[in-house]
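1 is the number of the first residue of the sequence shown in our numbering; add one for each residue after it.
There could be a bad hint or two in this list.
Stated by the list, open to error - Between beta-carbon pairs, the in silico distance windows are: (1) Thr-184 to Val-52: 18 to 28 Å; (2) Glu-165 to Trp-73: 18 to 28 Å; (3) Glu-165 to Leu-53: 29 to 39 Å.
It is worth saying that the hints were derived from the structure and are not from the lab. Backbone N, C-alpha and C define an ideal beta-carbon position, used for all residues, glycine too.
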Amino acid sequence: MTATHAPSSPVIRSMQLAMHGLFVLLLAVGTVRAIQTGERTAWVVAGCTAMVLWYAAGLVLSRRRASPVAGRWWVAGLVLLWVVGVLLNPELSWIAFALFFLVMHLLPRVPALLTVVLMTVVVVIAQVSNADGEGTAARVIGPCFGALVAVGVAWVYSQLRAESEARRSLVQQLTATRDDLVATHDELAVAQRQAGVLAERSRLARDIHDTLAQGFSSIVLLSRAGLTGPASDAAGRTGSSDAERLRGLLEQVEQTAVTGLQDARTVVLALTPDELSEAPLPAALGRLLGRLGEQTELRTDLVVDGSAQALPTAIEVALLRLAQSALANVRQHADASRVAVTLTYQDDAVGLDVVDDGRGFDPASARIRSNGSGFGLRAMRERLADVGGSLTVESSPGEGTAIGASVPLAAGS
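Sequences and hints are given; from them, build the entire structure.
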């Protein structure tokens, strides 16, 4: 059991694997040397087997996220088994260097240092008692120096692990903060769109009420006045005054209708995009491409094929909005270096093509996702359908994208 939860750093995982490998290596060497001495061979094998099984049980518990208390009891049992093994044969004393790392990692600092000191004393006693008076100093200095190195490495490991945990926690906090900001931004965008829609509806309602509705009301009143005028005489004739009165009513109806028509055109003009109110469609497309080129590194081209002609406002608005949406997709998703827009005037139709050399995509697999991705193509088709047009999309991964729109002129007239 090396930790209560899985580490996230590759360095920490490497150090843990090295620690497991050191334990297995020292246990194998100690067992072989102990068997070669021929002293208590059966007991030595049994003790080493018990240590291996206990160590494996700790690894299983660590994968199940065992509590720190369980880890401390586990390392205490492992140290106890090691002490029994040293009593059986001093050759097993060198396993202590692998246990030092576990003790420093799983126990609190002060108990861990005391345990390392006591284990070092056990190693020194075991080595000195088996030295036969030769190399006593080395058998004392070696275990002490090894204990110091183990404590230093364990301290470095704990620092790396703490730093890794802090970094992982910081990344999680940053990720959560980013998600919150994205969600807040989306909510604000939705609220702004809704506020804009409500404001536009309110403005249109006021304009229609103050202009068209009042005009229609006047027409209704004038028509009723004409229908309820003086009846003709028995000969079916109306007086000259009645004819003049009826003529005056009809003139008022005509004037009111003309005024209403002008008001209707004013309301429609207010809904026309600024780009089209200031210039015809080719010039508006040129400004779109000019701004795109200034804000990005894209090379842009505009081609007008055929003689430019005045188009119905609905068709011009639909084509302009389609170009805006297509160029926005190129900017955000295509990763292209060049985009070309071609406006084609024909006798009975007008076409608009937007072609880029970007990464492309698979149109057959395009779907509307939860974040809104994929909605643009459907919106383009719906906008063109309103003016009787159609949309074609040609693309494949790595081959760029070509979006073509065709609108019959009769449909918008």
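A quick look at each hint next to the structure:
no.: 1; hint: Thr-184 to Val-52: 18 to 28 Å; result: 55 Å, violated
no.: 2; hint: Glu-165 to Trp-73: 18 to 28 Å; result: 23 Å, holds
no.: 3; hint: Glu-165 to Leu-53: 29 to 39 Å; result: 31 Å, holds
The structure is inconsistent with hint 1 alone, although it conforms to all the rest.
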